[in-house]
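Asker: From first to last, the protein sequence lines stand for chains A and B. Numbering-wise (my numbering), the first sequence opens with residue 63 and increments by one. Numbering-wise (my numbering), the second sequence opens with residue 16 and increments by one.
Please keep in mind that the hints were generated in silico from the structure rather than gathered at the bench. A couple of the hints might just be wrong.
Straight-line Cα separation of at most 27 angstroms, BS3-like style, residue types lysine-lysine; simulated pairs [as the list claims (entries may be wrong)]: (1) B:K93 <-> B:K29; (2) A:K237 <-> A:K131; (3) B:K110 <-> A:K174; (4) A:K147 <-> A:K131; (5) B:K115 <-> B:K65; (6) A:K192 <-> B:K115; (7) A:K131 <-> B:K93; (8) A:K131 <-> B:K65; (9) A:K147 <-> B:K65; (10) B:K110 <-> B:K93; (11) B:K65 <-> A:K67.
Computed list of chain A residues with no C-beta within reach of chain B, every gap over 12 angstroms [unchecked claim]: (12) L105; (13) R190; (14) N294; (15) L300; (16) E374; (17) Y378; (18) L477; (19) T524; (20) S602.
Here are some chain B residues the structure puts well away from chain A; computed CB gaps all over 12 angstroms [what the hints assert, rightly or not]: (21) K29; (22) E69; (23) D102.
Here a beta-carbon is modelled for each residue, glycine too, at the ideal position from N, C-alpha and C.
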Amino acid sequence: MEIKKGIGVSPGVAISTAIVLDAETLAVPRRQILAPNVDAEILRFQNALRETIEHLSRQRDDLLANQRKEIAGIIDFHIGVLHDKTLTDQIETEIRTHLNTAEYAVSVVMRKYAAVFSRMADRYLSERVKDIHDIERQLLQRLIGRGRLELAHLTGDVVVIARDMLPSQTASLDKKFVKGFATDAGGRTSHTAIVARAMGIPAVVGLGDITAEVSAGDTVIIDGNHGIVIINPDEQVLAENREAGKRYLEQETQLESLLELPAQTLDGHLISLMANIEFPTEVDDALRRGAEGIGLYRTEFLYLASDHEPSEEEHYGSYADALLRLKNRPLVIRTVDLGADKYTQDKASHPERNPFLGDRSIRMCLHDIPMFKRQLRAIMRASVLGDVRVMFPMITTLMELRQAKMLLNDVMEELEDEGVSYNRDIPVGMMIEVPSAALMAEKFAKEVNFFSIGTNDLIQYTLAVDRTNEKVAGLFCPGHPAVLGLIRDVVRKGSRSIGVSMCGEMAGEPLYTLLLLGLGLTTFSMNAPDIPEIKKIIRSTTMEHARGVARRVMTFDNERQVVHYLRDETRKIDPEAF
Amino acid sequence: MSRPSTHVHSAMPKASRDIIVSNSLGLHARPAMQFVDLANQFRSRVTVSKGGQEPYDADGKSVMQMIILAATQGTPLKILADGDDADVAVEKLAKLFDDKFGEE
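Sequences and hints are given; from them, build the entire structure.
Answerer: In structure tokens:
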């Protein structure tokens, strides 16, 4: 049994069999074979072994012919490992006695060795773990072939152990079977965290070397409430955690009893709670948890989930699907926000030097107008099917906003000419997620119908912190007075004439609910699982009290003071909040 | 019959020798491979034992196990062979260490 401490980013307790993804996203699902097929399975392994050795030998000879002795030496070592009878016997035993598939047996045995290697004190030897991963991958590629190792082919419940989940991986995930995530990298607002919360499953990130510690097939407990991962727990720990998981679910059910009650403060102020989604199917869950509509539909997953750019019809189909499920409740569609940490298959091969300051989001769209217009056409066509609102991300200057709005007008005119119906009064909004936009909120408010504050990027750009870099992730704090100052001004200046909502992670964090209420925010959009908790806090306070809290917070000069004070105040009205 | 009495029950001769890892990088990938390649040329079973705080018996014909020995420079090891060519196996294998695997 081994206990690892990380950062709990999505609550709940999951207990299941692990699959381990390496950098190349090889996932080896546990699958059983039938006893009479054991010999055939072993033969399949031996063939893959022979082919790998032949391939490597040719590679080595070529390298030697080209005087590349260093690399040839490494390949020689790989060949030596594949000739290791003890190793191959272990793999064959794994197939014979446990009736595992050849690929699963390879994965289990190699990852055990990898774990031993990575623990070695000698730096040179522990580095050899890379060779072990490499050898494993070579064998697996021969056994399965690259394409079939995707997460989409799971057949049973698993918890996913990975270095970091890439958006393209999570997009193709078979959600039915994934019960939790644990990753080496990441912080509270990493992509893994966002996806896990949206799925309502536990996740722990920032674990350092969890991928080396866990072998495929290990039993793993992911405790997202406490940020703990337990590998191969003993019976007692297993029983305790099953109990904890049950307790958490009971609490959840209790919160869901709030479902029919309005998000209203004790002194009668009504607040709008909306949900953030990535897939139309998530609408049902959002409504079940009390969302009044969708405050943020992240359309980039349409791009990431497939290997081609979505057609206008594919866009339209997704929007229509979401609207059908929403039955006239609002749907805020954010135009595609690709780039930075989210790339299509195609763009991922040309990395930028500084992607977060690069050609991302609205900038990318304005550089690829045909692509952008395809999406805008689909949005406009869908606009007659329900309460559709369109929102542009990452607006930094007025010119960008005007250009985007002009393209939207072009699209409307085209549809007009074609005789296609659309809603010419569609509300047009923008994300406030760059300090320049926050500082110019007054000017922007004259040109849009609503603002939505995106806190993750706003914090990252204000504090100059990469939230996925564990070394500096601690500096990433929504409670930083500079961030709070920007939010206060955006809410104040925007609310005079237009609607202001917040769709960033901060909107779903109970710690900041009182403060945001007090600053005058009236629309909160968050991941659906957070809605009951936020509603509970809203229903436990008065607007007057929240304003007092906000006034006090704005006098502080550092984020620790802010966080401590808010924690105390929130616990006073909701002792179970954290 | 000059054989020691402890070997009476064994059909095959045994041999062993204590050595100290003296090459600077220790028993890393290349030396481990050299050792295993040579060990595989003998019929005898070859075991390499490490004492100390983390004792470990490695199969001298398995490169993975030899690396797991984590035998850095200065580590004392015992090479054991069990089989009809045990004596010559131990002698040749020990020589690899004496020659520092051709490193210097």
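Asker: Please go over all the hints and tell whether each is borne out by the structure.
Answerer: The hints, checked one at a time:
1. B:K93 <-> B:K29: holds (13 angstroms)
2. A:K237 <-> A:K131: With Cα atoms ~46 angstroms apart, K237 of chain A and K131 of chain A exceed 27 angstroms; violated.
3. B:K110 <-> A:K174: Not satisfied, since the Cα-Cα distance of roughly 32 angstroms exceeds 27 angstroms.
4. A:K147 <-> A:K131: holds (26 angstroms)
5. B:K115 <-> B:K65: Holds - the C-alpha atoms of K65 of chain B and K115 of chain B are around 18 angstroms apart, at most 27 angstroms.
6. A:K192 <-> B:K115: With a Cα-Cα distance of about 26 angstroms, the restraint between K192 of chain A and K115 of chain B holds, given a limit of 27 angstroms.
7. A:K131 <-> B:K93: violated (32 angstroms)
8. A:K131 <-> B:K65: Cα-Cα ~32 angstroms, so violated.
9. A:K147 <-> B:K65: Answer holds: K147 of chain A to K65 of chain B is near 21 angstroms, not above 27 angstroms.
10. B:K110 <-> B:K93: holds (13 angstroms)
11. B:K65 <-> A:K67: Answer violated: K65 of chain B to K67 of chain A is near 33 angstroms, above 27 angstroms.
12. L105: holds (23 angstroms)
13. R190: Check fails; 6 angstroms does not lie beyond 12 angstroms.
14. N294: holds (20 angstroms)
15. L300: Answer for L300 of chain A: holds, closest chain B Cβ roughly 29 angstroms.
16. E374: Given a closest Cβ separation of 55 angstroms, the condition holds.
17. Y378: holds (55 angstroms)
18. L477: holds (65 angstroms)
19. T524: holds (48 angstroms)
20. S602: holds (57 angstroms)
21. K29: With a cut-off of 12 angstroms, K29 of chain B remains clear of chain A, as the shortest Cβ separation is near 21 angstroms.
22. E69: Violated: least Cβ distance 10 angstroms, not greater than 12 angstroms.
23. D102: At roughly 23 angstroms from the nearest Cβ of chain A, D102 of chain B sits farther out than 12 angstroms, so the non-interface label holds.
Hints 2, 3, 7, 8, 11, 13, 22 from the list above are not met by this structure, while the remaining hints are.
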